[in-house]
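Can you make the complete structure from the sequences, with help from the hints?
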Amino acid sequence: MDNIKMVDLQTQYHRLKPEIDAAMQDVIESSAFINGPAVKQFQASLAEYLGVRHVITCGNGTDALQAALVALDLKPGDEVITTAFTFIATVEVIGLLDLKPVLVDVNPETYTIDTEQVEAVITSRTKAIIPVHLFGQGADMKKIKDIAERNNLYIVEDAAQCLGADFKTDVDTQKLGTMGNIGCTSFFPSKNLGCFGDGGACMTNDDTLAEKLRMFVNHGTKIKYYHETIGVNSRLDTLQAAILNVKLPHLDDFNKRRQEVAAFYDNAFENIEEISIPGRNPDSQHVFHQYVMRVQNGKRNALKDWLKKRDIPSMVYYPVALHKQKAFSKWMTQDISLPVSELLTEEVLALPIHTEMTPGQLEHIKNGVLSFFKK
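Residues 3 to 377 in the working numbering are what the sequence shown lists, from first letter to last.
Think of the hints as simulated: they come from the structure by calculation, not from any bench. Treat the hints with care, since some could be wrong.
Said to hold, decoys possible - Lysine-lysine pairs mimicking DSS-like chemistry, simulated, CA-CA at most 30 Å apart:
#1 Lys-193 - Lys-42
#2 Lys-77 - Lys-226
#3 Lys-144 - Lys-102
#4 Lys-7 - Lys-311
Set out below in structure tokens:
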């Protein structure tokens, strides 16, 4: 059996190697390493793909989230509602800017933010909602947009794990990451659209916000050496943009390949009583950045160990809910209880999923899981 990886970047590179190598060589020959033509090309191409007016690239997905909150002119102490079951970056930037994170629970089937709880925690200090489109599918953007409009709140979409996914509204279909005031994404290598290092972007249809975002990630300037505000230095390298320009036309195929792997797992495990396969939001396409199932009755860790002995990797996303993290203790009350998030940290298990999986690898993983429950 070939070495199974959670994500096989090497094999994907070899499949696209002629195009990627040529694109990188063009950058090296031109020596336009910072803000070169490939960056502008990628921003324009991604904007066209997503159907959004502006794409502003930056150094990574965390910087994209920070830039978004800065562009909204939020003030210290303003409250931002988001989920406790996500990667730390979502909440980290809230605390970094001295805003107040207000964490709510998630839907136990889709793992995305519980919209009923969002409504319940809105106060006069609430200024924004950050829905996280977790593991590849969207939060309930219909309800979130309704809540935001009724309460005059901003929406910043954390779309780092769902690039390319469609969402059905009552009138049309939009790409996730383009439905709020600002969308944020990451091009970390393992993402559905990944580069060969760090990279990120913000997406918006608002011209004013787009200008603020561009200034913030470029030292607060529109004209070199003339600084209108305090900013940061957060750029997408031209080499990374060149790689992304090659990969972007393949994104729909990447997502389709992931969906095929997920369908295989669904069919293999749907009748195992102690496994809950990932739930689906009927309005959201799921592009499966991760395939995360729930293993019940306290058997998750034992299954993980069982698979490891059979050379099958797996991961726990995420082992600690964010309201339990020491880094956020100053904002969390002692009695805060988010039972779904806490339960998920004990049950979730991610299986390998990527664009290069072979039928033999999938059969080996299936047999490994099934043999655990037959022993």
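Ascending list of hint numbers which this structure does not respect: Violated: none.
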